[in-house]
Amino acid sequence: MLEAERQGCAFLVFRDGEGSHRIVTLDTEERQLWIGRGAARDVALEWDAEVSDVHAQLERTGHDWTLVDDGLSRNGSFVNGERLRGRRHLRDRDVLTFGRTVVLFRAPQPQEPRLTVGSEEPATVVAISPAQRRVLVALCRPFKDSTAFASPASNPEVAAELYLTVEAVKTHLRALFGKFGVDGLPQNRKRLALVEQALQRGVVTDADLASPPPRR
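According to the working numbering, the residues represented by the sequence shown are 1 to 216, in order.
Treat the hints loosely; a few may be bogus.
Derived lysine-lysine pairs resembling PhoX-like cross-links, with alpha carbons at most 25 Å apart [as the list claims (entries may be wrong)]: (1) K190 / K144; (2) K170 / K144; (3) K190 / K170; (4) K179 / K144; (5) K179 / K190.
Keep in mind that the hints were calculated from the coordinates and are not lab data. Note that the coordinates shown come from a computational prediction; the quantities given were computed from them, not determined experimentally.
Modelling step: build the complete structure from the supplied sequences, incorporating the hints.
What follows is the structure, given as structure tokens:
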């Protein structure tokens with residue numbers, strides 16, 4: 001990955017069907033790249049049965065990349081846990097999901113200053129209780145050392161860390177899914193989407209994850 005960063009262009013990082021890391025450099029000469037299960041695609045995710053043959057498209061404008069999914073895929077494309085509707089300008093460290101495959105987008109090269117202010121609204125503040133926050137930190141803890149390919153802690157793991165019952169953990173998580181607006185996602189995406197939202201909004205920080213779990 002360090003070598004890819006030194007090249008100064010954007011790239012994708014993900015694991016293939018055998019769990020091995022793959023890095024796909026986004027060629028600056030190409031303006032359009034196709035993502036799909038077909039072997040001929042520029043980013044071929046052949047092992048993932050939930051990925052369509054032609055799933056999504058990457059478009060380059062200047063130094064920037066945009067992900068496009070205009071209904072080509074059956075199961076949709078997700079950016080940071082949110083289903084993509086049409087187009088989405090990508091930023092460094094955005095987490096993309098196609099089927100069951102999680103892809104980290106990297107654009108380490110500094111972007112040129114822009115004079116135009118975007119119309120994107122700031123993230124809304126989410127009010128959670130201290131108990132819910134402890135559950136959220138425990139859920140995010142596996143991401144302390146690896147934000148790209150870690151998996152959220154399981155309910156039993158969260159329960160063991162906080163000395164709660166699994167049912168209590170489930171109750172807190174249901175409330176958190178609603179507060180962070182991810183309760184409408186498929187069950188297998190909710191937990192990761194909740195982690196992504198918590199980290200991006202700063203509700204859970206690196207300092208929280210670095211602190212040791214509570215002891216008996």
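Verification of the supplied hints:
1. K190 / K144: Holds, at roughly 19 Å.
2. K170 / K144: OK: K170 and K144 at ~22 Å, within 25 Å.
3. K190 / K170: Roughly 12 Å separates the two Cα atoms, so the pair holds.
4. K179 / K144: Status holds; Cα separation ~23 Å.
5. K179 / K190: 12 Å, holds
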